[in-house]
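These protein sequence lines map, in sequence, to chains H and A.
Numbered according to the numbering used here, the first sequence spans residues 1 to 215.
Numbered according to the numbering used here, the second sequence spans residues 1 to 333.
Don't read these hints as lab results, they were simulated from the structure.
Quick reminder that beta carbons are idealized off the backbone N, C-alpha and C, glycines included.
Among the hints, erroneous ones may be present.
[To be verified] To give an idea of the interface, some chain A residues facing chain H are shown, with a C-beta separation under 8 Å as derived from the structure:
{"#": "1", "residue": "Val230"}
{"#": "2", "residue": "Lys309"}
{"#": "3", "residue": "Thr311"}
{"#": "4", "residue": "Lys321"}
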Amino acid sequence: MVVAADGPPGAPSLLAPLAGKPIVEHSIDAFAAAPEVDEIVLVAPPGLVRGLPAGRVTLIAGTAGSRAASVARAVEALGEAQCHLLIHDAARPLIGPRVIAACAAALGSADAVCAAVPASDTMVTVENDIISERPDRSRLRRREYPQGFRLPVIRRGYELALADPGYQPTDDCGVVLRYLPGVPVRLVPGSGQGFPVTSPLDLDIAEAILRAQLR
Amino acid sequence: MLRLSVPAAGHKAGEVGEPARPRVLPAGSALGFTAREFTAGPHYGYHAPVRAGENRTSPAAAAVILASGAGVRVGGERNKVYLPLGGRSVLAWSVRTFAATPGIAALLVVIRPQDRPLADTALSDSVLADTVLADTVLADTVLADTVLAAGRPDGALPAAPGRPAGPAVEIIHGGVQRQDSELMALRHLSPRITAGEIDVVLMHDAARPLVSGELVSAVLTAAAGPGGAVPGVPRHGLVLASEDGAVAEADLGTMMAMQTPQGFPAGPLLEAYERAAADGFYGTDTAACMTRHTGLPARCVPGDEHNIKITYPHDLVIAEKFLASTGRTPCAR
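This is chain H alone, in the form it adopts within the complex (with noise of 0.2 Å):
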């Protein structure tokens, strides 16, 4: 499932072009080319959509509302099938196969994975300006995409977020880690490459990436 959400103001649309092609399409090919993915779902407004050449997502579903909202309704759309889902966020394009491989792969034994890489600075908490806390640095784990989840697990996670009426928006697997504690998070390495393209400079350092062929 490839989600395509509105990015924060200022952000490019997710149909400029990168390297030669719309940037949702990086993600939808890269998905296709999987031999670990039998279908996608494109998860996108009606004007992003007409953006697209037909063909290989096979179901698309608009967006409502909040991403949240959006997310949710895709999944009830998906009905009651024992399927896995590996969520991903269009506006990440720099996909590859090894980290959807190992997030399909971590997912036949767990009900949910996440992309996640390893802190590269010492993280510390601070209170008043003064550091208080400093966590070994070697467990922490900053979250990317793909997010993967049996269906029945993100379906019922995302309706406790929606009746909750203090659901701070998260990425999808921060919705189960908050309203399943009981289910089992497995973490897989991702690429380092899974930032999100959130402004004009973020859309060179992707073309500059795809084009320096360092994937």
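Once you have looked at the hints, place chain A on chain H.
Relative to the frame of chain H, chain A by itself:
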């Protein structure tokens, strides 16, 4: 004049892989831009060595640039700090920034002995000199006027034509661990610290080439506080991994990613490192060692999202784009 010297002092026999040989690049070498060019160049902020008891209000700092980690994760066999970035090496960018920042009275680069030829090249590349001259054109009109108009609390003025100025780049050999390298740098500086010529030490990771002069100045100013100062940028959504690779703790709140330079009062820092060496204590970073010794936590000052650490190969691509976006034009190639 940016002078390159490799003092033998500060190393005990047997501590390094080879005896340090003195090396001073003569004027007219690759780095030998002339005194006139120098005056308005990035070294406009030259502070004459400050003596103890002299009336001054701003601290004199030693900058220690740590290039002695193996750092081969980025790719290739070569220490990542010698990889090319924007027409010069990763290392050269931060060396230039520190050399150009007011208040830097000493500038050390700590290397692995086996990287010596790479370090010599990185710090004496003709490309480096060319770009210094290009920067001079900009600095001439803006910076020189600013310095003269504001006056200098310590009375130091931009170097007069013909007068060599700017901190010498002192290359010393580091140790196995980062903390060993820091200790060796502090021992090398200890006569100047003891003499009161250096108030503050800034420890910088050479894998952060994009550190700005503004950040160096901000840390320098805050560093004199008892526990020192560390730049940090906020990070959200981090999780703690368990041994078997699952999420062990999901809600870590907002954390701060520590950057460098980290700045500390020189005397207590030297004591902290000597004490740690005697005790066999190894901390994760400079602030950890300092806090253990003084009992005083470091102050976190705002860092800079562009001040990235080169970790993955694509970080070099990102760094090059950041350089261009901040107007620090890469060298012509």
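Any hints this thing doesn't respect? Which numbers, in order?
Going through the list in order, the structure violates no hint and respects every one.
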